[in-house]
Amino acid sequence: MNKGVYSRRILIEAFADSIKKLNPRHVMGNPVMFVVEVTFFFALILSIGAWIFGSSVAVFDSEISILLLLTVWFSTFAEALSEGRGRAQAESLRKTRKEVRAQKIADDGTITEVDSSELVKGDKVLVRAGDTIPNDGDVIKGSGSVDESAITGESAPVIRESGGDFTSVTGGTTLLSDELLIEITANPGESFLDRMITLVEGATRQKTPNELALTTVLAGFTWILTVIIITFNTLGSFLGVTSDITVLYGLLACLAPTTIGGLLPAIGIAGMDRVTQFNVIATSGRAVEAAGDVTTIILDKTGTITIGNRLAQEFIPLGDKTEADVTRASFLSSVSDETPEGRSIVALAQKLIPDLTRPDVKNVIDFSASTKMSGVDLADGREVRKGAFDVMSDYVRYVPQGFKEIIDGIAQRGATPLVVSVDREPIGVIHLKDTVKPGMRERLQELREMGIKTIMVTGDNRLTAATIAAEAGVDDYVAESKPEDKIKIVEAEQKQGKIVAMTGDGTNDAPALAQADVGLAMNSGTQAAKEAANMIDLDSDPTKLIDVVGIGKQLLMTRGSITTFSVVTDFAKYFTILPAIFAATLPAISKLDFINLQSPHSAILAAVIFNTFVILALIPLAMRGVKYKPKDATSTLIRNVAVYGVGGLLTPFIAIKAIDLLINYLHIVA
Amino acid sequence: MHMLASQIFMDVSSTTLIYVAFVILGIILVGYLTYVLIYPERF
Chain A
1 MNKGVYSRRI LIEAFADSIK KLNPRHVMGN PVMFVVEVTF FFALILSIGA WIFGSSVAVF
61 DSEISILLLL TVWFSTFAEA LSEGRGRAQA ESLRKTRKEV RAQKIADDGT ITEVDSSELV
121 KGDKVLVRAG DTIPNDGDVI KGSGSVDESA ITGESAPVIR ESGGDFTSVT GGTTLLSDEL
181 LIEITANPGE SFLDRMITLV EGATRQKTPN ELALTTVLAG FTWILTVIII TFNTLGSFLG
241 VTSDITVLYG LLACLAPTTI GGLLPAIGIA GMDRVTQFNV IATSGRAVEA AGDVTTIILD
301 KTGTITIGNR LAQEFIPLGD KTEADVTRAS FLSSVSDETP EGRSIVALAQ KLIPDLTRPD
361 VKNVIDFSAS TKMSGVDLAD GREVRKGAFD VMSDYVRYVP QGFKEIIDGI AQRGATPLVV
421 SVDREPIGVI HLKDTVKPGM RERLQELREM GIKTIMVTGD NRLTAATIAA EAGVDDYVAE
481 SKPEDKIKIV EAEQKQGKIV AMTGDGTNDA PALAQADVGL AMNSGTQAAK EAANMIDLDS
541 DPTKLIDVVG IGKQLLMTRG SITTFSVVTD FAKYFTILPA IFAATLPAIS KLDFINLQSP
601 HSAILAAVIF NTFVILALIP LAMRGVKYKP KDATSTLIRN VAVYGVGGLL TPFIAIKAID
661 LLINYLHIVA
Chain B
1 MHMLASQIFM DVSSTTLIYV AFVILGIILV GYLTYVLIYP ERF
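Sequences listed follow chains A and B, in order.
Using my numbering, the letters of the first sequence correspond one by one to residues 1 to 670.
Using my numbering, the letters of the second sequence correspond one by one to residues 1 to 43.
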């Protein structure tokens, strides 16, 4: 998929789509633009009449008409452009959704071959290695590795198995090994892929609460302006002040909040699209917006704040052994251990004693549930083993003094002790610990600067929780919590008026995910969790919640900044259009025109040109979002007011003056 | 008839008829905007 904002294909499609969107029935959904479009039709009729009957204002009327049409068109173009990117993604997803033959199992055990589109909720299918999974479902028997790259883009296969939290499979993915019995959980057309396609295409897009509120304000603003404009000449005639109709609708288009009105749909769609680019599917724009308002984030300890794999921290010698002895023994015990734990032991040993060399291994003893230990038999006859204390204390020839105390000390800190022995002689203990992800502390610090409270939830004991909490720098932690406690934490925060975001993947996370304002479910999680959440992370990386919050904030800021800009630019238009209207009747008012525009008509034309083309100029900003750095609300506000407020105040004066000079130079003003 | 029409369009801006049309259109727009304000969720 081409991710460029202005890829040629997307531009061409957006061009065609934006013309279709000029249909008044579509524009009606955007009050500001609808008023401009209706004014355009009126202006067009007047222009045609003026040309037919040779009026002196024919050229000016036509120019204003064209500009009014351009204003609406730039708005529909921005919308079409933002939708185009979602459509490109939907297309690539649609390719994934292919018709396959499925092995349906009847209640009596007979297998019939059916089309995947014939499968309904509750049907049971058998999927063998190499088959495409026909539709969404839960694994009810068996386990196997599944290639989900068609959906997630991640090439590493994932394990799906019956029972537990990894039962959910998605239609369109491929089973790589083993055999699975799957119960279908979606009817045709309602699968995860179908829903994703609908979502990214924006077919069911509804205005979010914030969009609704802003639309109401903009409609109210336009309402007042329209009333002023239509009563202008009637009331003005009492004072001897009337204006040309062309000037009046030019005034309406200029003073109506067209910049934000025109870009509002595009900003919302682009915000959702940015979330999608992160491989996160938001079920609604409302969810993305809520992410921007989040004040509390609940994070799991394992896998989110910490790596989730235990890594070697130190080697503790036993009895009369030295640290070098236990380092060497630990190294030997793990040379053939390919687990993350084993590799971390080798890495730590090599760091402490750089000249360690790989021994000749005669036999590798893999970890198994029954022996609970692993190790190697070396060519020189030595037997090196490592394992949990309970099995190793029986395995070793003697238990040295202080052994139990060392083990308990490590366990109390929430870490895991592993005992190492050579020829059944206990050498020392490996201290394995779950570590905080690199960069996590900085990210949590960023959240704090944004004014967001972080709560770490863990099933570990208080001591471990406190250690990790301090190490990562979370604001608060809940230790010894059961998964079902999460909903209580969410509710407690919400009672204090907080907007809560959380992640989850298990079925017992579902109620809390539904209760939270932003619930991000992992794609690897259960169907129940995915149904309850309002966002799904296809990469199943819970840390992404922090990025999603950033995107939500950026969306709200973009909308706020362009609204500020849109309203503030009106200020300059007063100084250009009002003197032009009153030039004939109230000459004294021309002092307001301090930028000294050439003529009333050129002033109005320049203002309308600025008003129209500023929409086009701001499309990239609406699509990309305003520059966003995690900072506290006040300094972000000050920065944005300085850039978009002051910028909106000064830019139009400079631009209108420049346009005025240009149109007079080119003689395009009547 | 043609004469009348020409007169009307000779000076478009000051023609009362066009102004009346403009006001009627404006009232329709105000009506539409009022509807948007009452039922924003329908748009």
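No lab work stands behind these hints, which were simulated from the structure alone.
Positions of the beta carbon are idealized from the N, C-alpha and C atoms, including for glycine.
Warning: the hint list may mix true and false statements.
[What the hints assert, rightly or not] Here are the in silico distance ranges between beta carbons for each label pair:
{"id": "1", "chain 1": "B", "residue 1": "ILE38", "chain 2": "A", "residue 2": "LEU637", "range": "41 to 47 angstroms"}
{"id": "2", "chain 1": "B", "residue 1": "VAL20", "chain 2": "A", "residue 2": "LEU239", "range": "19 to 25 angstroms"}
{"id": "3", "chain 1": "B", "residue 1": "GLU41", "chain 2": "A", "residue 2": "GLY122", "range": "33 to 39 angstroms"}
{"id": "4", "chain 1": "B", "residue 1": "GLU41", "chain 2": "A", "residue 2": "PRO24", "range": "18 to 24 angstroms"}
{"id": "5", "chain 1": "A", "residue 1": "ALA617", "chain 2": "B", "residue 2": "GLU41", "range": "20 to 26 angstroms"}
{"id": "6", "chain 1": "A", "residue 1": "PHE41", "chain 2": "B", "residue 2": "ILE38", "range": "22 to 28 angstroms"}
{"id": "7", "chain 1": "A", "residue 1": "HIS26", "chain 2": "B", "residue 2": "ILE38", "range": "20 to 26 angstroms"}
{"id": "8", "chain 1": "A", "residue 1": "ILE654", "chain 2": "B", "residue 2": "ILE38", "range": "50 to 56 angstroms"}
{"id": "9", "chain 1": "B", "residue 1": "GLU41", "chain 2": "A", "residue 2": "GLU338", "range": "54 to 60 angstroms"}
{"id": "10", "chain 1": "A", "residue 1": "MET28", "chain 2": "B", "residue 2": "VAL20", "range": "22 to 28 angstroms"}
{"id": "11", "chain 1": "B", "residue 1": "VAL20", "chain 2": "A", "residue 2": "SER284", "range": "44 to 50 angstroms"}
Run the structure past the numbered hints and jot down the numbers of the failing ones, going up.
1, 5, 8
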